[in-house]
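J.: Given next are the chains, with one letter for each unit.
2 protein chains.
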Amino acid sequence: MRAYLNGQYLDKADAKLSVDDRGFVFGDGIYEVYRAIDGELFEAERHHRRLEHGLEALRLPRPTEADAGTLHGIALRLLRENGHDTGEATVYVQVTRGAAPRAHVFPPADTAPTVFVTTYPFKGFADLRRTGATVITQPDVRWLRCNIKTVQLLPNVLAKQAAAEAGALEALLVRADGTVTEGTHTNLFAVLDDELRTHPTTELILPGVTRAVVLELAHELGIPVREEAITEEELGQCEELFLTGTTTDVMPVVSCDGRIVGAGVPGAIAMRLHDALVARMGGVGAR
Amino acid sequence: MRAYLNGQYLDKADAKLSVDDRGFVFGDGIYEVYRAIDGELFEAERHHRRLEHGLEALRLPRPTEADAGTLHGIALRLLRENGHDTGEATVYVQVTRGAAPRAHVFPPADTAPTVFVTTYPFKGFADLRRTGATVITQPDVRWLRCNIKTVQLLPNVLAKQAAAEAGALEALLVRADGTVTEGTHTNLFAVLDDELRTHPTTELILPGVTRAVVLELAHELGIPVREEAITEEELGQCEELFLTGTTTDVMPVVSCDGRIVGAGVPGAIAMRLHDALVARMGGVGAR
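Residue numbers (our numbering), protein chains in the order written: chain A, 1 to 287; chain B, 1 to 287.
Simulated from the structure, these hints should not be mistaken for lab results.
Just so we're clear, the structure is a prediction, and the values are computed from it rather than from any experiment.
Some clues are possibly wrong.
Here are a few chain B residues that face chain A, going by a calculated C-beta distance under 10 Å [claimed, not checked]:
hint : residue
1    : Q94
2    : D140
3    : T150
Label-pair restraints from in silico Cβ distances [what the hints assert, rightly or not]:
hint : chain 1 : residue 1 : chain 2 : residue 2 : range
4    : B       : D257      : A       : T111      : 28 to 34 Å
5    : A       : H72       : B       : G73       : 36 to 42 Å
6    : A       : R59       : B       : V105      : 29 to 35 Å
The beta carbon of each residue, even a glycine, is placed where N, CA and C say it ideally should be.
Looking at chain A on its own, in the form it has when it is part of the complex (with noise of 0.2 Å):
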């Protein structure tokens, strides 16, 4: 597999850090995940605006990579070495604050970023979308800036560990004053009393551009949504839960700690709002 580190194209096995490098010691830097289709990035535009989003709000220095003509050429020529340009795949980006001697405060102002770009092959969860998912809930223990998409995730892997333990897809994270913020990797959506439920995009969630997406169909499809979180006691009494991310699409989420959740299949607004995100996709997500 093919990859970029810092102006260089390479094989991923020789694509080797310092260990030094400020992701590694601090977990300083930020990423980002577009999907692919056909060798084409999706939402391409929004998932760029938040990489922006995250190297402003950590004053990160700005790479020349993060250029977006730039960083799709990076992306396209990746996927076209990895033979990812046909088909669906997935191109990560990380960049940190690079690599300088540890120590807390900002590294001296020519210390380079470090940018690391690369492909991963992508199969979505059709089968499971038919029947619906499982989660659970974990306690959301994340730091309060959530919605800069940092490589701060050690939280989310213990969550969606525990949750792959419980044999569900996902975790709900639950604030300590019950509220639900989002899972993971993914944001949550409820129906509830006809109405479509969502964390409004505060620091404590991560603006979702499936999220942003799916807000903007069911505004097409005449859905009524609220952007206000739902508690964890409302999550007993749904009529329908789903996840929404850039790999999970629209997935309908069936039983929660155990428990069904509405009728116990996939929703029907779930399944509209996932078609109408397939028909945006150009009908690839259904695969």
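Fit chain B to the known structure of chain A by using the hints.
T.: Positioned in the frame of chain A, the structure of chain B alone reads:
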């Protein structure tokens, strides 16, 4: 400078990580910093116990290097090879969940953890200690498992950078409810109504080795101690304020957010405790 990486002793420039290292992509790892004085590790057992706790808390695979004797041997060899076996130095140890294709869930059980060890020269803050340090406050936006010494350090980086830009040594972190927890890489003590106060060892602070030693010393010196956090409001009422840490020793604070603390000079209790710590270190901490 020499380093140890996954079984090999190398020039640090040749110690290279996979771009798939989970330390880099998820911040999925822990670290430890030991103080070395003339080639001896100060309070090695306490540091080692904390490392063991981190491995268990995160269910990291236990590397053979986590054996206390083995780790000690690696540290001593690096101190020697780097000429850090006389005078003062620090030993840095990091363990991550290893390199594996990116997925939040734990990697296959046979994935070897990454073990990185190196040493740094160290010079204390004796000059600053004479006048006392200035600090600022910053919102404590960290995750809720601060008791584990992980590399989820981006909030610490940002707060420490804010302190540096304000000309301060350290940032004190304040939770939304007004509780002052600790510094970005130090614990915090206050003297209030002739009582020594510090945050209890909950999941909101790192259980500092120097914090534990200072509590022992306070006990020996007959200084009354209460392990109860101070509030942001109480910051302005303290008779003394001081930081403790492996590389900070006891550091009196004379100014916080531009307001003078106590009498505006290093406090008597802080200096008594610092002197006792220096004695415990065999006198070298005074440098």
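J.: Which hints from the list above does the structure break, by number from lowest to highest?
T.: The structure conflicts with hint 5 only, although it agrees with all the remaining ones.
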